[in-house]
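2 protein chains.
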Amino acid sequence: MYRTHHCGALRISDVGSEVTLSGWNQASRDFGGLTFVDLRDRYGITQLVFNIEDDKVLAEQAGKLGREFVLKVTGVVRERSNKNPNRPTGDIEIEVKTLEILNGSKTPPFTIEDETDGGDDLRMKYRYLDMRRAPVRDNLIFRSKLAIETRKYLSDSEFVEVETPFLIKSTPEGARDFVVPSRMNPGQFYALPQSPQTFKQLLMVAGMDRYFQIVKCFRDEDLRADRQPEFTQIDCEMAFVTRDEILDTFEGLTKHLFKQTLSIDLPDFPKMSYDDAMSRYGSDKPDTRFGMEFVEMNEFTQNQGFNVFDSAELVVGIVAKGIAADYSNKDLNKLTDWMKRPQIGAKGLVYVKCNEDGSFKSTVGKFFDDAALQNWADKMGAEKGDIIFALSGEKDKTRKQLNELRLEMGRKMGLMDPKQFNPLWVVDFPLLEWDEDSNRFHAMHHPFTAPKKEDEQRMLTGDHETMKSLRADAYDLVINGVEIGGGSIRIHDRDLQSKNFDLLGFSKEEAEEQFGFLLGAFEYGAPPHGGIAFGFDRLCAVLNGVNSIRDFIAFPKNNQGRDMMIDTPSRIDDEQLKELNLDVTVAEKE
Amino acid sequence: MYRTHHCGALRISDVGSEVTLSGWNQASRDFGGLTFVDLRDRYGITQLVFNIEDDKVLAEQAGKLGREFVLKVTGVVRERSNKNPNRPTGDIEIEVKTLEILNGSKTPPFTIEDETDGGDDLRMKYRYLDMRRAPVRDNLIFRSKLAIETRKYLSDSEFVEVETPFLIKSTPEGARDFVVPSRMNPGQFYALPQSPQTFKQLLMVAGMDRYFQIVKCFRDEDLRADRQPEFTQIDCEMAFVTRDEILDTFEGLTKHLFKQTLSIDLPDFPKMSYDDAMSRYGSDKPDTRFGMEFVEMNEFTQNQGFNVFDSAELVVGIVAKGIAADYSNKDLNKLTDWMKRPQIGAKGLVYVKCNEDGSFKSTVGKFFDDAALQNWADKMGAEKGDIIFALSGEKDKTRKQLNELRLEMGRKMGLMDPKQFNPLWVVDFPLLEWDEDSNRFHAMHHPFTAPKKEDEQRMLTGDHETMKSLRADAYDLVINGVEIGGGSIRIHDRDLQSKNFDLLGFSKEEAEEQFGFLLGAFEYGAPPHGGIAFGFDRLCAVLNGVNSIRDFIAFPKNNQGRDMMIDTPSRIDDEQLKELNLDVTVAEKE
Numbered sequence: 001m002y003r004t005h006h007c008g009a010l011r012i013s014d015v016g017s018e019v020t021l022s023g024w025n026q027a028s029r030d031f032g033g034l035t036f037v038d039l040r041d042r043y044g045i046t047q048l049v050f051n052i053e054d055d056k057v058l059a060e061q062a063g064k065l066g067r068e069f070v071l072k073v074t075g076v077v078r079e080r081s082n083k084n085p086n087r088p089t090g091d092i093e094i095e096v097k098t099l100e101i102l103n104g105s106k107t108p109p110f111t112i113e114d115e116t117d118g119g120d121d122l123r124m125k126y127r128y129l130d131m132r133r134a135p136v137r138d139n140l141i142f143r144s145k146l147a148i149e150t151r152k153y154l155s156d157s158e159f160v161e162v163e164t165p166f167l168i169k170s171t172p173e174g175a176r177d178f179v180v181p182s183r184m185n186p187g188q189f190y191a192l193p194q195s196p197q198t199f200k201q202l203l204m205v206a207g208m209d210r211y212f213q214i215v216k217c218f219r220d221e222d223l224r225a226d227r228q229p230e231f232t233q234i235d236c237e238m239a240f241v242t243r244d245e246i247l248d249t250f251e252g253l254t255k256h257l258f259k260q261t262l263s264i265d266l267p268d269f270p271k272m273s274y275d276d277a278m279s280r281y282g283s284d285k286p287d288t289r290f291g292m293e294f295v296e297m298n299e300f301t302q303n304q305g306f307n308v309f310d311s312a313e314l315v316v317g318i319v320a321k322g323i324a325a326d327y328s329n330k331d332l333n334k335l336t337d338w339m340k341r342p343q344i345g346a347k348g349l350v351y352v353k354c355n356e357d358g359s360f361k362s363t364v365g366k367f368f369d370d371a372a373l374q375n376w377a378d379k380m381g382a383e384k385g386d387i388i389f390a391l392s393g394e395k396d397k398t399r400k401q402l403n404e405l406r407l408e409m410g411r412k413m414g415l416m417d418p419k420q421f422n423p424l425w426v427v428d429f430p431l432l433e434w435d436e437d438s439n440r441f442h443a444m445h446h447p448f449t450a451p452k453k454e455d456e457q458r459m460l461t462g463d464h465e466t467m468k469s470l471r472a473d474a475y476d477l478v479i480n481g482v483e484i485g486g487g488s489i490r491i492h493d494r495d496l497q498s499k500n501f502d503l504l505g506f507s508k509e510e511a512e513e514q515f516g517f518l519l520g521a522f523e524y525g526a527p528p529h530g531g532i533a534f535g536f537d538r539l540c541a542v543l544n545g546v547n548s549i550r551d552f553i554a555f556p557k558n559n560q561g562r563d564m565m566i567d568t569p570s571r572i573d574d575e576q577l578k579e580l581n582l583d584v585t586v587a588e589k590e
Numbered sequence: 001m002y003r004t005h006h007c008g009a010l011r012i013s014d015v016g017s018e019v020t021l022s023g024w025n026q027a028s029r030d031f032g033g034l035t036f037v038d039l040r041d042r043y044g045i046t047q048l049v050f051n052i053e054d055d056k057v058l059a060e061q062a063g064k065l066g067r068e069f070v071l072k073v074t075g076v077v078r079e080r081s082n083k084n085p086n087r088p089t090g091d092i093e094i095e096v097k098t099l100e101i102l103n104g105s106k107t108p109p110f111t112i113e114d115e116t117d118g119g120d121d122l123r124m125k126y127r128y129l130d131m132r133r134a135p136v137r138d139n140l141i142f143r144s145k146l147a148i149e150t151r152k153y154l155s156d157s158e159f160v161e162v163e164t165p166f167l168i169k170s171t172p173e174g175a176r177d178f179v180v181p182s183r184m185n186p187g188q189f190y191a192l193p194q195s196p197q198t199f200k201q202l203l204m205v206a207g208m209d210r211y212f213q214i215v216k217c218f219r220d221e222d223l224r225a226d227r228q229p230e231f232t233q234i235d236c237e238m239a240f241v242t243r244d245e246i247l248d249t250f251e252g253l254t255k256h257l258f259k260q261t262l263s264i265d266l267p268d269f270p271k272m273s274y275d276d277a278m279s280r281y282g283s284d285k286p287d288t289r290f291g292m293e294f295v296e297m298n299e300f301t302q303n304q305g306f307n308v309f310d311s312a313e314l315v316v317g318i319v320a321k322g323i324a325a326d327y328s329n330k331d332l333n334k335l336t337d338w339m340k341r342p343q344i345g346a347k348g349l350v351y352v353k354c355n356e357d358g359s360f361k362s363t364v365g366k367f368f369d370d371a372a373l374q375n376w377a378d379k380m381g382a383e384k385g386d387i388i389f390a391l392s393g394e395k396d397k398t399r400k401q402l403n404e405l406r407l408e409m410g411r412k413m414g415l416m417d418p419k420q421f422n423p424l425w426v427v428d429f430p431l432l433e434w435d436e437d438s439n440r441f442h443a444m445h446h447p448f449t450a451p452k453k454e455d456e457q458r459m460l461t462g463d464h465e466t467m468k469s470l471r472a473d474a475y476d477l478v479i480n481g482v483e484i485g486g487g488s489i490r491i492h493d494r495d496l497q498s499k500n501f502d503l504l505g506f507s508k509e510e511a512e513e514q515f516g517f518l519l520g521a522f523e524y525g526a527p528p529h530g531g532i533a534f535g536f537d538r539l540c541a542v543l544n545g546v547n548s549i550r551d552f553i554a555f556p557k558n559n560q561g562r563d564m565m566i567d568t569p570s571r572i573d574d575e576q577l578k579e580l581n582l583d584v585t586v587a588e589k590e
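Chains Z and H, in that order, give the protein sequences.
First residue of the first sequence? That's 1 in the numbering used here, and the numbers climb one at a time after it.
First residue of the second sequence? That's 1 in the numbering used here, and the numbers climb one at a time after it.
Calculated from the structure, these hints are not laboratory results.
These numbers were taken from a predicted model, which means no experiment stands behind them.
A virtual CB, placed ideally from N, CA and C, is assigned to each residue, including glycine.
Be aware that one or more of the hints could be misleading.
Stated by the list, open to error - Below 25 Å or equal to it, Euclidean Cα-Cα: the simulated DSS-like pairs (lysine-lysine) are:
1) K216(Z) x K152(H)
2) K152(Z) x K145(H)
3) K259(H) x K152(Z)
4) K419(Z) x K453(Z)
5) K397(Z) x K468(Z)
6) K419(H) x K347(H)
7) K216(Z) x K83(H)
As the list claims (entries may be wrong) - Computed far set for chain H versus chain Z, every beta-carbon distance over 12 Å:
8) I52
9) N303
10) S328
11) Q576
Using the sequences and the hints, build the whole thing.
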């Protein structure tokens, strides 16, 4: 037997017991004829002590133990004279009688401490050492707990977890699929699922009533910092259900998860329409931890001789409270440059400093006198000490730019408290987006999303312009500016579905080719249904107030889609290619 | 709102309530001015009644409802005059006030009844209709419950569920991999995991201590009736653990699952060595629900003039109790033919009928007189009315053949009670199998399996013959002749691992190329560890006393690896192939 207790288990009440522990040598030090070793496992750290007067050979052996050596010790628990109140086992230590080195270790390439000296690449390559660090380990344990609580809540709500297949059919819609060549069906391929969307709808046709799954999904997209080629979803679908029943259910899930993992009672989630979110925050995922809401300024800024504003579809601004004294002209110029970067693309940034003495300092002082600026301030609720920022131009683009500025100011001003959680539902998204380039509509959510009930007739009978104003019965859950999940009520009526495919530019044949099995299923008594999917990796990150999903993935890939630890992807044997009836058309790079 | 209750919810205590139900029209019938409709959902069936005297239009509408139409009704619960005690809702019916047809349905291609008229292929193509049938639905709900209970038990035992990656590295060992071409790394491929074996060992090196995952695995093998290209494992690994601690933990899991799903208390699981299993049952997964154990007959059958026996390495038999009177010569000849089929390949079958009158009737009567046969009977515990079956030849082959006969007789004689569950651990497997064809050893389990502690020295220092006798610290859980799971203690010592790779014919370079990342990890303080994996699909099947895992998979593939419902795999666009730097070398078949 390797242990009677974990390294986090022993307390003052165990003093006098003979115990066996196993773990890693976190650190050792000699002090006045004693050798101390911190023995670490997943559960904690226990101090071992070797006394040179009791057993010289043993104490000398202990003095030579390398970091991360794997040890098994037997000894007696005794009270520490010098207690460590920061450690649950800090009242005791083990007076070691026997020591067995279970395995040696090379010196790790970085320190196994909460704060390590290892860079990102090194830690990814030696992920198995990185994971010995408490923050990484705790993230993975947190993730496991979050999955357990998710399953508990959904099972208690009569959801059945059904495993949908991974080897499915490639469809040209949506993101790019990863494909899997089939050996038994030469020249043919499976695709890995981007989501179990069609299967969960089939499960509703099948009468499964309430389905969920915590499931891996795959997208072959160019990777950004916060994207992974494989990621995990909490995927759900319900039949005979209205939108609000779905929102209530998953608001309940979210509250349950916050309560169980963080002991936080979330308030009821407000609902905000997409239109409201865009006009108040310039974003369909507003961070509502702080105000700084958009004020539309056209009315009191246009037709006053400033051509830039006069020619703009929208003039819109925000008020940053109490920072006028802190922001020099240089700071404000830097901010203007930041807004002009290609990622944001603002042409300029108008600001008005509301000085403590009642005067104003503004980039547009030439066009607006103090009285005019005082009028701005009054209309916008700006006071002495505040700064007004304003942008102008085409509506959608300007709102997006001002959203970036609002978030940047929120960060700079410390308004994004990581301990505060502001959830909200964003609802009533547009059903269709008109794409000028391809001269067609795209589904804002996906091709099975239903229009709102009250828009159905307009959809079936309206003209082209009408289609642009249709609202989808779709919804997103947003927490602190992060989209945690989204879903919709689905179309279960064949006529409405045909109309939708028409609008999306599918011919009958294309629709049949790609979605025939689902459309076929809809002929046999499809119930009204709808669902939602949460990004599980992102949910982990948001609950912990961090941005990177990578911290919550055991073995993540880098931005080139590579696993640095196992060094994959890699070449495969010619024999394998031959069996798959494939040729590779590029030479090997060395 | 679509419903106030499910179709399985209402009872006599609800009489008088106004309710709303939604579901499918299971069946309707007219009877004396009344129309009855059975409304079905996942939870049950509720009888609706429409009275032509109350509302003629409504009743006539109800009379015309097609099977599987999706309905929403509102009405009042009332007591049935003609109660149905076989249905939980059988005491009540709904007097319908309003009826809404939520969706129509074409006539299903087979009946949606527990016993359907649909063949396998049709049911697979319309799996979403097949699933509306109670037996299929209940299997999937059972599976969900089994997963929940598995997670509950393992979480309560401090296991952490960690998601390991699906896009990993192809290795030539084991079964064939499914591969996934990487667009971002031209000419390179990921592989889908056959199991998370190396990752779970890395998690032990990482100090995760106790890992589990219910996870999809993939094998590109030629499919047999009971194989699927994607299947699910309960995958586990533990550090600082002995074999018996692992067996106790997973015996505990198995007992928990039987208790929670079937209310069965399993007895403690016996352990049987591989050698014992082979000599007593001719199988490493013996069905111990019945005896009919092997008796080795060399001692009392050889050197008595029957050359076939005399030249055989092994003469071995079984006693089938009490069937002598039931088996005519014709029956026994048929059985002999069955044994001679190429799948089994016996050269013949010796039998001895022990007649009620004390005489014997035997295929080898020419060589053995009644006194000799009486001696067989005495030695083998055969009595009047029994039949002795015997085979002879090379030891391993003969045992395998007799195992087939034993199982066949068990089936024929009704000895395999599907309500009885006989679990056992088979332990002490050989570490290595010598393969004459390739003139090398194969790992019986996998290349990381440790030899038993007491065999380590012999492994490091022994000669070629010694290697054949090494035993692995490996174990299988067998229930009713089905291997539910298996695992082993792993090698955590670099020297032992090198020796094992040597024996398995890996050069240093090959070992490095394929397993470098794991061997590298083992340099940094690998703890002693071991684990196990259960076949989750098979576990579902065994608990339900059936053979086919397909019954417990929502969307299975057929023997050609095709999903008949979504018609995949399929061709992909040339554009997609080009992005992946691939050419297909076979023409499309139409």
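*Which numbered hints fail*: Result: hints 4, 6, 7, 11 break, sorted rising.
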